[in-house]
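Colleague: Listed below, chain by chain, are the residues.
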Amino acid sequence: MKVLMFTWEFPPLIAGGLGMACYGMIKALLAQGVKVDLVLPTREFVYFPMRKVSDVDTLPAVFVNSSQQYEYKAQKFKTLQERLEYIGISSHPETYFQFSELIKQSKALNYEYWYSENTTIEEKQLWDDISTNLQGEEELMQKVQEFTLRAERLAQILDFDIIHAHDWLCYPGGMLARKISGKPMVVHIHATEFDRAGGPGNERVHKIEHAGMSFADKVVAVSQYTAQMIMSRYRIDTAKINIVHNAFSVPEDAILDKKRIFKGPVILFLGRITLQKGPDYFLEMAEQVLATHPEARFIMAGTGDMSRKMLRRSASLKLRNRFLFTGFLNRKQVELILRASDIYVLPSISEPFGISPLEAMAFGITSIISKQSGVSEVVNHAFKIDFWNTDLWVETINHLVENPDKCIKMGIDGMHEVNLIQWDEAAAKLRQLYSATLSEHIRKSEA
Amino acid sequence: MLNVVFYFQVHQPYRLKHYNVLDIAQGNDMFDDDLNKAVMHKVAAKCYLPTNKLLLDLIHRHEGRFKIAFSITGTAIEQFKLYSPETLASFQALAETGSVEFIGETYYHSLAFLYDSNEFLEQVMQHRQLMKEEFGYETTTFRNTELIYQDRLSDLIYEIEGFKTILSEGVDRILDWRSPLYAYKNYSKNINLLLKYYKLADDIAFRFSNRDWPEYPLTVEKFVNWVDHLTLSEERGRNQFLNLFMDYETFGEHQWAETGIFDFMDHFPTAILERPHLGFALPAETSKLANYQQESLSFVHPVSWADEQRDLSAWLGNDMQHNAIETLYELYQKIRSKGDEKLMRIARLLSTSDHFYYMCTKYFHDGDVHKYFSPYDSPDQAYIYYINALAELEERLVR
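In the order they appear, the protein sequences are chains A and B. Sequence positions in the first sequence follow the working numbering and run 2 to 448. Sequence positions in the second sequence follow the working numbering and run 122 to 520.
Hints in this document: simulated from the structure, not taken from any laboratory. Even glycine gets a Cβ: it sits at the ideal position worked out from N, Cα and C. Keep in mind that the hints are not guaranteed to be accurate.
With a straight-line Cα cutoff of 20 Å, these simulated EDC-like cross-link-like pairs (lysine to aspartate or glutamate) come out [stated by the list, open to error]:
| id | chain 1 | residue 1 | chain 2 | residue 2 |
| --- | --- | --- | --- | --- |
| 1 | A | Lys28 | A | Asp58 |
| 2 | A | Lys333 | B | Asp144 |
| 3 | A | Lys260 | B | Glu451 |
| 4 | A | Lys319 | B | Glu184 |
| 5 | B | Lys463 | B | Asp501 |
| 6 | A | Lys319 | B | Glu447 |
| 7 | A | Lys264 | B | Asp440 |
| 8 | A | Lys310 | B | Asp501 |
| 9 | B | Lys459 | A | Glu296 |
| 10 | A | Lys319 | B | Glu516 |
| 11 | B | Lys138 | B | Asp501 |
| 12 | A | Lys319 | B | Asp501 |
| 13 | B | Lys253 | B | Asp237 |
| 14 | A | Lys310 | B | Glu516 |
| 15 | A | Lys319 | B | Asp440 |
| 16 | A | Lys260 | B | Asp144 |
| 17 | A | Lys259 | B | Asp144 |
| 18 | A | Lys264 | B | Glu516 |
| 19 | B | Lys455 | A | Glu296 |
Residues from chain A shown here face chain B by an in silico Cβ test under 7 Å; the list is partial [stated by the list, open to error]:
| id | residue |
| --- | --- |
| 20 | Lys264 |
| 21 | Thr304 |
| 22 | Met307 |
| 23 | Met311 |
| 24 | Leu312 |
| 25 | Ala316 |
| 26 | Ser317 |
| 27 | Lys319 |
| 28 | Arg321 |
| 29 | Asn322 |
| 30 | Phe326 |
| 31 | Thr327 |
| 32 | Leu337 |
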C-alpha cells in the first residue's frame, strides 16, 4: 500500500497541531508497512518518499527536476538542518511563480482535465468552485495555487494506490491528483474554517472545503465533534465520514519529571493566542482565581494575533507579576514549561481535536478542557467544562489549588490514560479505511 | 545681568536582560552586564571623556568665570567604577576646579517620590553621601528624576538639612504669563526654584542638528544674540537666570561630534563673557543673586521635562507602566519588611525610571525618542522582561 499524502505542516515546518498529528500518524503508518510519498509546501519542488520509521525525522527528499536532483545529491550537508534549509523547509514556504503565469497555467489545467468528455457535471462544478475561490493575490492563495500545480505533476510521475490530503489548503491538489490518476482520495479534517475563525469565517475557504469533501471518496474527521460539524455545516454524506481520533506519543528523548520554576501553583495556557483558543477566557479565569489565590502563577505560552491585546489587558487588570507571557517556545522550551506547570487549561471556543492537552497529560499535568473539543471525547481523567462557563473553570482551578493532593492524583491518572492513546491504533484505523476505500473504488470502476 | 545656568544630567541605568519566564529561578543574573558595559564604553568615548576634557579646558581658559553644574546618578557612578574609571577621574578633576556644582537627586534615578516617600528620602541621602565621597561636595541644590516636581516634593526636600534650591521645568501651564528667567520660590516660600528655559535648552539638546529646523545651523553668534535679546525685557536691573538644563549625553552622543556640537560649546562661553551684562552662575549661587522679592509658584500636579506634555505620561502613561511600577513598590515593601539587603538592592536597580520609559507607547513624535533609547524591540517586550524580573525577585523572596 502506497499513499500520496499532501499536508501543509510537518515538523520542523510546523505551525500547530496539524504538523504534530501528521508526524505521529505517518510514523505509525510506516511502522505498519504503509509507504508514504509526502508533499509539503517546501520552497523547492521536492517530495519525501518515506519508507521506514526513521524517515519522519530524517526527511529524505527527491527533487522532481532531475538536474536539481543531481545537484542536490552532489551536496555534502553537515547537518539535517542544513539539508532542510537547502530544500526550503526550515522557513515558511514561498511562491516563485508569477501570478499572471499561474492564472494562465491553471486555465490550461482547467481545460485539459475538467472539460473532457469523461468529466461529470458535478465534478466540473466542484472544480469550478475551487478555481473560482482560489483566485486572488493574497500570499496564501498563491501558495495554494502553486502547491496545486505541483500536485498535478506528482500525480503524473509517481505511482501510488491512494491519495490522502490534510485540511483545505491541500484539497485542490488532492482533487487534481485524483482526477489525473483516477486513484481514490481521502480528505482529513483537522479543523474547519468555522473552528479557526471562531465564527463563520471566510466563505471562499468554505467553498474549497465543501468541494474537497464532496469530491473525496472518504472523509476522515478527527472527532465526533468535527464529524457533527461536517454533517451540519457542510452537508456531507454521513456514509463517507469516518472518525479517527488523534493520539499523542511522547518523544523518546523527552524528560517528563517535574522541574518547578515557581513555588506557587502554575496554571498554563499553551497554544496559539488566537480567538479560537479562548485566551480571553483564560485571562478572565486568572483575574478571578488570583483574587483568592495570589500565590498562583498564570502563564500564557505561545504567540498569535491576540498576544498584544492579552498583554495589554493583563496589565490593565493589574494582575501584577502573576500573569506571565513566554512568547514563542521551541519544542525543548515547551517541555520545560510543561515540567514547571501544575494545571493545564484549554478553554477553546471550538477545537476539532486538540493534541496539546494530551501532551500536557503525558507530563502528569491535570488538565481542564473545553467541552467544545474533540479531545474531550477520548480522555476521562480530565475536567471538561463548557468554554463559556467561566465560573465553573474558576471553581475547578480553585479546588485544585486548594487540594494539591487531588490535583496530583488526577494528573497521574491522566498520564496513565494518555499513555494508552497511541498513534498505532489511529494508524490501524486509517489502514483499514484505505483498504476499504480501495476495494470500493475497484468495485465501482468495474461496475 | 543675565546668568547662564548650565546643568547637565549624567545617568546610566542598569539595563535588564531579555528575561524570559524560563530564566526565572535558574540562578541567573537579571541585568545585562555586557550591554551595560558596551553602552558605557561607547558613551564614555563619544561624550563623557571628550566633553569633560573640553569643559575642564574652558574652566581654565576663563579663569573661574565659566561654571557648570552636574547631576550624576548613583547607578552612573557605579558603572564608571566598573567599566570606565577614567571617566570618574575626569569628573573628579572637574570637581577640583571649584567651578563645578554637584546636584542632589535620587541615587537610583527613581520615581520613588511618587510611590514611597521614605524610600525617596533614603535614596536622596544615599546620593548625597556619594557626592561627598566621590567629589568632596556637599549638595545644596536638588533635582528630582527627570525634573519631576510638585509642591509636596519641596516639603520633603526642605526636611533634609542643607537643600536650598530645587530645579524643575519651566512649564507654560504653571508659569502662565511669567518668565522662566527669574528665580522663584516654592509654594511655601522656603525653597528657591529654578525653571528650565526649555525653548533655548532644547534648541541645543534636540534641534541642534535638525536640518528641517528653520534656524539650522545653530551658530554661537545666533544663539548668543537670542540670549542677549532676552535681557531687553528687564528694565529694573533684576538679575536673570537662563536655565539651560539638558542631558549631558547631548554632547557627542545625541548630537554627534560631526554636527559641530563641540565647536559650539568651545566658543559659546567666550561669546557670552564678551558681553558685560551676560555671565554664568551655578544653581547654588542664584538665591543670593536674586535681587528681588521672589514670587512663589504652586505646582499642584506633577510636572517633568519629558515630551511635549511635560507631565508623567512618559513613565506612567499606560496600563503596563502602572502595573509594573505598582508591582515593584508592593514587592519592595515586602522585601523591606523582611530586611533582605541583597533583594532590596535589586529592587532599587529595578526602580530606575528608564525601565518604565522603555514601556512608553506614546509613539509618533515623542515615541521616536523613546524608541531610540530603548534596548528592546517594543514597549511590550520591555514590559514582559520587566514583569518576569519582578516574578524572579518575588521567587527569591519567598525562598
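Colleague: Please write out, lowest number first, the hints stated earlier that are contradicted by the structure.
Modeller: The structure conflicts with hints 3, 4, 5, 7, 13, 14, 21, 22, 23, although it agrees with all the remaining ones.
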